[in-house]
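Novice: Residues per chain, in single letters:
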Amino acid sequence: MNQQSITKPYEKAVVEVKNLSVFFNQNEAVKKVNLSIPINKVTAIIGPSGCGKSTLLRSINRMHDFEPIARLEGNIFLEGEDILLKSVDAVSLRRKIGMVFQKPNPFPKTIYENILWGPKINGFKINEDELVEQSLRQAAIWDEVKGRLFDSAISLSGGQQQRLCIARTIAMKPKVILMDEPCSALDPRSTGRIEDLILELKNEYTIVIVTHNMQQAARISDYTAFFYDGELIEYGNTSKIFTTPVLKQTEDYISGRFG
Amino acid sequence: MISRHHKDIFFKRTAQVTTFLCLGVLALLLYHIGREGMSYVSLDFLSNFPSRFPEKSGIKAALWGSFWLILLTGIFAIPIGIATAVYLEEFAPKNRLMTLIELNINNLAGTPSIVFGFLGLVLFVRGLGFERSLISGAATLSLLVLPMIIIAAREAIKGVPRTLREAAFALGVTRWQCTIGQVIPTALPGIMTGIILALSRAMGETAPIIMIGALTYVAFTPEGPLDEFTTLPIQIYNWASRPQEEFHQVSAAGIIVLLLMLFTLNFAALLIRMRTEKKVKL
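If you read the protein sequences in the order shown, they are chains R and E. Taking numbering that gives the first Met the number 0, the leading residue of the first sequence gets 0, the next gets one more, and so forth. Taking numbering that gives the first Met the number 0, the leading residue of the second sequence gets 0, the next gets one more, and so forth.
Okay, chain E solo, but in the shape it has when bound (with noise of 0.2 angstroms):
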């Protein structure tokens, strides 16, 4: 017969073991990654131009397609949604029409990114004849993230005490300037953490960036938002469905490039709310 306490140290053992499972995946990824890639990854990677031959590839122009990018969803985004984050937590009244948007909102976040790349397709390139321009590309991924963005927002704002906003008022001042004044500031570390995590996802997205026709073989870099472009992610994957075996290792320097800037956003983020966990404890 087996025992409670038996039981209880087999379910520990089973839970230990997933979780060293998903770590065991990822370290397996980074050293395979590492083994293939790490001999292209070098200064002339960096500021090479794609080429035919493998040892003479580099990534500037999906690097700078990738900055110019992020940086334009960030300019789109950022404000679009703290602005929306606070009208629904400070502002709107608790009607139907609220509850109504807050479910699209959510529902938004999941939707797959595909999606997204279509209707900026349609919307973007097509309809507002941006082309397959950078602000095309900015614009399809702002829709991406904006849900998140809101969401992160929303909750950072949630998370502001009661009583601070109580102390606000009771000094003579109005909802919108103690919003700005203190609501704002205090909710600014978790707002920081969604926009890093958010554009983080939008550096990675491959799928509605190809949707809208962005270019695989660019041999310059963007000058202005309507330029067009190409981004990490699809260098790599361009790189990687080539038939020749060198350019697999390309790929995986690209792969390393990209994790790399990733892991640093990430890291960035996790700064952030650790300093921000010790200071506000209202």
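Pulled out of the complex, with its shape left as it was, chain R reads as follows (with noise of 0.2 angstroms):
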């Protein structure tokens, strides 16, 4: 066991990771690991490939379940109730925990579509126009596809379909917002965009992101987990991680000697 050094934020918890484990078969992809993520806030984590980052991301909103090898032990509490358990509908939890993935992923369908299509298939009451404008503004999307609504998602840049996967996943009004990575495939200027549309959605959402880039980390987050070898390593006050880490590993891995 690695040394460890967790200071639990004094927000309220939206979601509180209790002693997770996941396997892949007889693999600790995972390892007993104890996280609560506060409200409002932007927490990131961070780590080397490998390190159990986007899976511990992918247990939250239980898409683990469509791998039949995966296996999960411990609690996840989102507000209070354990989404682990198998009584607990996966499908309706992932309305409330939104996911933003890697490679952007709109439906080939228009614009329009792409952001109705979940709350319309979940039988939301809405008005459509309202909230297709509505969320595409939210996303900082709005005034680039405004006169192109019902074209084809798949026409859009790499960064504007990232910031369309944003705005669908708004649409359904979650609690919180998972981001797998969401400028990996993106450049310096989309990146920037996306970043600052993250620290406008904080003001409404509850956002945990997994990257790759230390930087974004440091730029965008109120708190920071470092992951190493399946275990987390050290959590706390994002400014504090970076300028004065408790651990000597977090140390190395933030000021680039290894990872």
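No lab work stands behind these hints: they were computed from the structure. Please note: incorrect hints may appear among the correct ones.
Covered by chain E, according to a simulated footprint, are these stretches of chain R (three or more residues, beta-carbon under 8 angstroms) [said to hold, decoys possible]: (1) 59–69; (2) 94–102; (3) 114–127; (4) 163–176.
All C-beta atoms, glycine included, are put in the ideal place defined by N, C-alpha and C.
Assembly of the complex is requested from the two constituent chains, each provided in isolation within its own frame, with the hints serving as guidance.
Specialist: Right, here's the structure in full:
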């Protein structure tokens, strides 16, 4: 067991991960992790490739349900309710916990339909035009696409597609938004726009972002969790982690000495 | 001594010659049939029933028979084929039984059509008592084309990127909603291409239809699915097997009509493929 230094945020936790372990067959990808995600903050998860960051993230909206070889132990509480219980319906859980993926993945439909497909299929009572405009505005892409809402989403640039994916997630009015390296396929300018957007969004949503880019974590997050080899090594205030980390291992990683 | 360079050129030339050989044979065939039958192709030819006199012979009965047959085959085979493919790709557990089923479908796709004809004769014509009707023919052809449709649809569904499914699931939809709302629409062009190719194969099939006892001389158009019928290939075969030279030319005219229809179908499939290659590139 590595040394650990975990400082619990003083804000109210929306998601509380308790003793979570994730196994793929015999391989333990996430090892007894305890992590509390504070409300209306950006929490960044950093660490070298294969350290279990994405695996942890995908546990929170139960995406591992589709992996027959994945096995989860421990608990994840969303506002007090253990969402890993078999009795919890993963489908309705995902309406409350949205996800933005590494590679932009808009539906091959129009921009308008991309926003509305989720709310409509879930039977939400909505004013369609209003929800489309509101979601696109919140995702800071309205001005670029308002004249071509009925064009195919595939015709947008990569950065625009990713913002559309964020708009699509917001349209579901989730409590938490999980972002799995949302900028890793984008150029610096698009990355900058998405970072600004994330800072805007945290007023209304709780955001958990996995990133490879340490400057990004430093710029946008309030709390940072450093993972290594499936374990949570250090967790605390972002400015503290990046300026005066408690553990040598964290410091080495942040200063680029390994990873 | 032959250098590597010369070997390379030799190989390239050989490949070119064999390619053009195939095309050449096709061109020769088209030329030959065109010369034989073109003079018999006319509006009358399309709207006349067969006759003892070559110049009065037409393919109206066969044309309508083929149309009905393909329509019914589509009605039977398309829903079953797509449903099977969706089940196998999206819902079926990965176990031995499924592997066995998969293996069987692949084998069925390579089974000689006469075997299906025999099955149709025993099962539909005699067993279920549909006699020599369009229903028997269409059901038999459905069995024949089902494996092709299933395989094509499965490939199309498999081609839908995992990221698209994840995007849908992340919005809190069930597997069924994801399949209906995203997977099938995205896979549809591929599925359509497979269906068109399978149906055009069904249109050209002769052996199983003869086996179940489609008639060779029909002077009426089918009115409903329980009527007797003939089809284009059977009519062509019938004319070609007559002794008179003129009927061979009538037969060639029939081939021209059949080929035109098949080319049209294949061209439609090509268009669908080309349109989607541009559109979906996730």
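Novice: Now, for every hint given, state plainly whether the structure supports it.
Specialist: So, going through the hints one by one against the coordinates:
Taking a C-beta to C-beta cut-off of 8 angstroms, the segment 59–69 of chain R contributes 4 residues in contact with chain E, enough for the three needed, and the coverage statement holds. Taking a C-beta to C-beta cut-off of 8 angstroms, the segment 94–102 of chain R contributes 6 residues in contact with chain E, enough for the three needed, and the coverage statement holds. Under a criterion of three residues with beta carbons nearer than 8 angstroms to beta carbons of chain E, the stated coverage of the segment 114–127 of chain R is upheld, 4 such residues being counted. Coverage of a stretch by a chain is defined here by at least three residues with a beta carbon nearer than 8 angstroms to that chain's beta carbons; for the segment 163–176 of chain R and chain E the count is 4, and the condition holds.
Figure legend: structure checked against the earlier numbered hints; every hint is met.
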